[in-house]
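Novice: Which chain is which? The protein sequence lines are A and B, in order. For the first sequence, my numbering gives the first residue as 1, with consecutive numbering after it. For the second sequence, my numbering gives the first residue as 409, with consecutive numbering after it.
To be clear, the hints were calculated from the coordinates, so they are not data collected in a lab. Among the hints, a few may not be true.
Capping the alpha-carbon separation at 25 Å, the derived lysine to aspartate or glutamate pairs in DMTMM-like fashion look like this [to be verified]:
| hint | chain 1 | residue 1 | chain 2 | residue 2 |
| --- | --- | --- | --- | --- |
| 1 | B | Lys824 | A | Glu249 |
| 2 | B | Lys617 | A | Asp105 |
| 3 | B | Lys610 | A | Asp127 |
| 4 | B | Lys650 | A | Asp134 |
| 5 | B | Lys610 | A | Glu103 |
| 6 | B | Lys617 | A | Glu103 |
| 7 | B | Lys535 | B | Glu585 |
| 8 | B | Lys610 | A | Asp114 |
| 9 | A | Lys336 | B | Asp815 |
| 10 | A | Lys123 | A | Glu87 |
| 11 | B | Lys617 | A | Asp134 |
| 12 | B | Lys817 | A | Glu362 |
Restraint-style ranges between C-beta atoms, simulated for each label pair [claimed, not checked]:
| hint | chain 1 | residue 1 | chain 2 | residue 2 | range |
| --- | --- | --- | --- | --- | --- |
| 13 | A | Thr361 | B | Ala619 | 56 to 62 Å |
| 14 | B | Gly828 | A | Lys131 | 42 to 48 Å |
| 15 | A | Gly210 | B | Ala683 | 30 to 36 Å |
| 16 | B | Thr829 | A | Glu87 | 55 to 61 Å |
| 17 | B | Glu782 | A | Asp379 | 58 to 64 Å |
| 18 | A | Thr361 | B | Thr829 | 19 to 25 Å |
| 19 | B | Ala830 | A | Asp379 | 30 to 36 Å |
| 20 | B | Ala741 | A | Asp379 | 54 to 60 Å |
| 21 | B | Ala683 | A | Gln378 | 54 to 60 Å |
| 22 | B | Lys617 | A | Lys126 | 22 to 28 Å |
| 23 | B | Phe793 | A | Trp391 | 53 to 59 Å |
| 24 | A | Arg266 | B | Phe793 | 53 to 59 Å |
| 25 | A | Gly210 | B | Asp735 | 47 to 53 Å |
| 26 | B | Ala741 | A | Ser121 | 41 to 47 Å |
Keep in mind that this is a model prediction, so the values were computed, not measured. For each residue, glycine too, the CB sits at the ideal point set by N, CA and C.
In case you want the letters, here they are:
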Amino acid sequence: MATLFQGLGLVTPLSSSNSFESNKLLHPSRTCRSISERKDGIFVVRSDARVSQLLKRRARTHDLLVTNAVATQGGSFVASTSKPGHELLLFEALREGLEEEMERDPCVCVMGEDVGHYGGSYKVTKDLATKFGDLRVLDTPIAENSFTGMGIGAAMTGLRPVVEGMNMGFLLLAFNQISNNCGMLHYTSGGQFKIPIVIRGPGGVGRQLGAEHSQRLESYFQSIPGIQMVACSTPYNAKGLMKAAIRSENPVILFEHVLLYNLKERIPDEEYVLSLEEAEMVRPGEHVTILTYSRMRYHVMQAAKTLVNKGYDPEVIDIRSLKPFDLHTIGNSVKKTHRVLIVEECMRTGGIGASLTAAITENFHDYLDAPVVCLSSQDVPTPYAGTLEEWTVVQPPQIVTAVEQLCQ
Amino acid sequence: MSLSTPKLAQPLPLHHRSNGSSMSFHTFTPFLGSTHKLRLIAPIKLNAHSKSTAVSVSDAVKDKKPKSAANLLISKEEGLQLYEDMILGRFFEDMCAQMYYRGKMFGFVHLYNGQEAVSTGFIKLLKKEDSVVSTYRDHVHSLSKGVPARAVMSELFGKATGCSRGQGGSMHMFSKEHNVIGGFAFIAEGIPIATGAAFSSKYRREVLKEADCDHVTLAFFGDGTCNNGQFYECLNMAALWKLPIVFVVENNLWAIGMSHLRATSDPQIWKKGPAFGMPGVHVDGMDVLKVREVAKEAIERARRGEGPTLVECETYRFRGHSLADPDELRDPAEKAHYAGRDPISALKKYIIENKLASEQELKAIEKKIDEVIEDAVEFADESPFPARSQLLENVFADPKGFGIGPDGKYRCEDPKFTEGTAHV
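Sequences and hints are given; from them, build the entire structure.
Specialist: Next comes the structure, spelled out in C-alpha cells:
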C-alpha cells in the first residue's frame, strides 16, 4: 500500500534507503514529464516541464493543489524520490485516490448504487464502507435523478460528495439535475453556493454489453456551462485526476472506461495531484498530432507502433480534459506538426471530436497544412454482436490509414 | 376564524363507497369549492383498490383538544410578527405586479397572493441555520426567511444588488446568509436539493460529530409536483435515512390550468406519506395558526432525528399561475370562496377578537410595511444594472475551469475575462 501523505503538515521526509533516479518513476511513454520539486509533501506533476512557474502562479492565485501545510524539514530540493512506487490496477488507483481524499477531508463522501456493502460494481469503492461507515459511503436506492440532486444539495451545504453512476449511461436519468442544478446553480445564485461535487462512472463501449450500457455521455454533457469533464486512461492519471476532481471547487464529471479498469501500472508512493485542465503528452513526435482520450489512447499507441515501423513519427496527446480543452498543449503540437488527427470513441455527431475540430480550426487555422481529420465511432447504437461492435469503434488499422493519408 | 385544531384527515373507511356514488368521498375531505364544480364536469371514479390501511397521522402529531378562550395559540408578539410577515408577503407581491406592468421586471413572475399562511406559518418557526428550498414561487419564502425586501426587489429588477446579483431572477432566489437554497424553475428539481441539505445536516451530526447540529430543511412545492418522480424518490430516501426534512405541499388545486383532480389518480396527497413510512398530515393552509401548529410538530420531529413529515396544506392562489396567465379557467365562485378565507383577514380578525392588539397597531404595521416596500422599490430603481464584467464571473467557483488558452495562461487570467468580453 502506498505511503499516504497527509497534506496538512504531517509529511514525513522519504527515507532514502535506496538511492533512486527519478527516471525510474517515469513510464516510457511519458518521457516528457518531470517530477516537480516537492513542496509540502505534495507535488504537482504537469505534462511538461513548466512546473515551477505553475507553482508560483498557483501560489499567487489559487492554492488548490498545494495545501497550506507546514514546510517540510530541510527545504532542500529532493528531486529523486527514493521509493520506486507500487503496482496496481486502474480501479485500485481510483480507490486509492478516493481513500486518500476521504482520509484527508471528512467532508468527502460517496453516494451511489452498490458503492457500500457491495464495494462498487467495478470495485472502486471496495472496503470503503467498512472503513468509513455507511453514511460516508452511502448505498442509494435506484433513483439517479434524485440521489444526484441530493449530492448537489449536500455539496451546496458544505459536503464534498462523489456520486457514482454505476454506468455512465444511467446518468442520463440525472440529466435534469446535472444540467440545471450542477452546472447552473453557482451562477444563478450569484456565486453564493458552490458545488464541489464529483460525478464519476464507467462508460464507453465494452465487450458486448449492448447498446444502452455502451454509451458515451461526454457529448451530451459537454454543452452544460459550469461543469468540467475529464477522462482518465491510466492508473497514474486516474488517481491524480480523482484527487484533483475531489479537491476542485467546481463540479467535475470524471469519465472512466469499462475496459480500462484492469490496466496495471506502477505509480509513485508519494502523494500527487494532477491538473484537471491539462492534456498529457504520451509520445512526442514530428509528423502528425494525434489527439485522443480514454480507451482510444491504446488503439492509437498500437497504431503508433505500426506507424513508427513504417517511418512515421506521430505525436500522441491524451487530451484528458474534455471540457475545457487544453489549447496550449494542443496548440503547441499543431504548430509543430501542422497535421491533426483526432481519434475518439465518442459519436460522430456533436461529439468531443467535433468540438475539438472546431476549436482547432478556429484557433490554429494558419498552422494547418491539411484539414483536421476526426475518427469517431459510428452513429449507431452499439450492437450486441461482437463483430458488429468491433466495427462501430475506431480500430488501429483505420488510424494507420488515416495518418498515411494525412501525411501524403 | 375558529379556534379549532388543524383538520387531520382520517383514513378513508372502505365501506363508504357502498352507496355507489363515486363522489361520496368528497363530503369527507376538507377540500371545498372547486371539487363540487368539477363533479359535474368529470366525475372521478375512485380506485377500488385503494385500501385505506394508510394511517393519516403518526403518534407524533396528536389530535389536539380545542383550547379554551383563555389559552390562545399565540402571544401578542407572535401574533404581530405573523401579521407583519404575511402583510410583507402580500404587499410585496402586489407591488411586483405593479412593477411588472410598468415594465420594470420581465419574464415569468409567479405571485404568492393567498398562500401567505403557509410561508409564514412554517418559516417563522425556523432558526437562521435551517434551510428553505422553494420553487419558482419563491419571493415570499425568501422574505419570510429573512432576505431583505430590497435584495429580492433588486433581483426582480435584474440589478447587480439583487440577492443573486441579478443573475437568477424571479425564479432563482438564493441567500447563503439566510439559507435559502433556491428558487428552481423546473418543478420537483428542488426536492432532491432539499434532501441533500437535510443529508448534510445528518452527516454533520453523525460523521463530523457536530453534536448540536439539528438543522432542519423545509421543501416547498405544489400539487403538480406531487405527480413527479423526484417527489417519490425523495420521500423514499428521506424516510429511509430519517433525514431532518419536512415536505410541505402547497396544494392550491391548480398547476397552471391543470386541476389537481384531473391530473392525480388519488388527489389526497397526505396519504402518500404513510406509504413511505412517514406521517402524512393535511392542514387548512388558509389558516396560519393551524399551519403553525402542524409545522411546530413536524419541525420538532425532524429536529429530534425522527425523520421526515409530509404536510399537505390546502391553499389557494388569488392570482393566476404567473403574471402572464390570463386565469380564465378557474371558476369565479371558487375564487370568491377562497377570497373569503383570506389568511390575512382571518388572522386580523383573530387578533382583534382576542384582544391581542388593536386595529391601530395593525394599521401601523401595514404602514410600516408600505414604507419597507417603497424603500425596496426605490433601492432597486437606483441600483445599477450588472456591468459587462459580471458576465463570466460566477460560471465556475474556480475560474480555472475555463481552461488553458493557446498562450499557455489560464483563460481566466485574460483581462477580457474580467471585462466580460472574452468569448468562452
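Novice: None of the hints should be skipped; say for each whether it holds.
Specialist: Here is what the structure says about each hint:
1. Lys824/B to Glu249/A: Since the Cα atoms of Lys824/B and Glu249/A sit roughly 23 Å apart, the hinted pair holds (cutoff 25 Å).
2. Lys617/B to Asp105/A: holds (14 Å)
3. Lys610/B to Asp127/A: holds (23 Å)
4. Lys650/B to Asp134/A: holds (14 Å)
5. Lys610/B to Glu103/A: The given pair, whose Cα atoms are some 19 Å apart, holds under the 25 Å limit.
6. Lys617/B to Glu103/A: Since the Cα atoms of Lys617/B and Glu103/A sit roughly 15 Å apart, the hinted pair holds (cutoff 25 Å).
7. Lys535/B to Glu585/B: holds (12 Å)
8. Lys610/B to Asp114/A: holds (21 Å)
9. Lys336/A to Asp815/B: This hinted pair holds, its Cα atoms lying about 15 Å apart.
10. Lys123/A to Glu87/A: Within the cut-off at roughly 17 Å; holds.
11. Lys617/B to Asp134/A: Within the cut-off at roughly 15 Å; holds.
12. Lys817/B to Glu362/A: holds (18 Å)
13. Thr361/A to Ala619/B: 56 to 62 Å: holds (59 Å)
14. Gly828/B to Lys131/A: 42 to 48 Å: holds (46 Å)
15. Gly210/A to Ala683/B: 30 to 36 Å: holds (34 Å)
16. Thr829/B to Glu87/A: 55 to 61 Å: Violated - the Cβ-Cβ distance for Thr829/B and Glu87/A, about 50 Å, lies outside 55 to 61 Å.
17. Glu782/B to Asp379/A: 58 to 64 Å: Since the Cβ atoms of Glu782/B and Asp379/A sit about 60 Å apart, the hinted range of 58 to 64 Å holds.
18. Thr361/A to Thr829/B: 19 to 25 Å: holds (22 Å)
19. Ala830/B to Asp379/A: 30 to 36 Å: Given about 33 Å between the Cβ atoms, the range holds.
20. Ala741/B to Asp379/A: 54 to 60 Å: holds (57 Å)
21. Ala683/B to Gln378/A: 54 to 60 Å: Distance hint for Ala683/B, Gln378/A is violated at roughly 46 Å.
22. Lys617/B to Lys126/A: 22 to 28 Å: Check passed, 26 Å falls within 22 to 28 Å.
23. Phe793/B to Trp391/A: 53 to 59 Å: holds (56 Å)
24. Arg266/A to Phe793/B: 53 to 59 Å: holds (57 Å)
25. Gly210/A to Asp735/B: 47 to 53 Å: holds (49 Å)
26. Ala741/B to Ser121/A: 41 to 47 Å: Since the Cβ atoms of Ala741/B and Ser121/A sit about 58 Å apart, the hinted range of 41 to 47 Å is violated.
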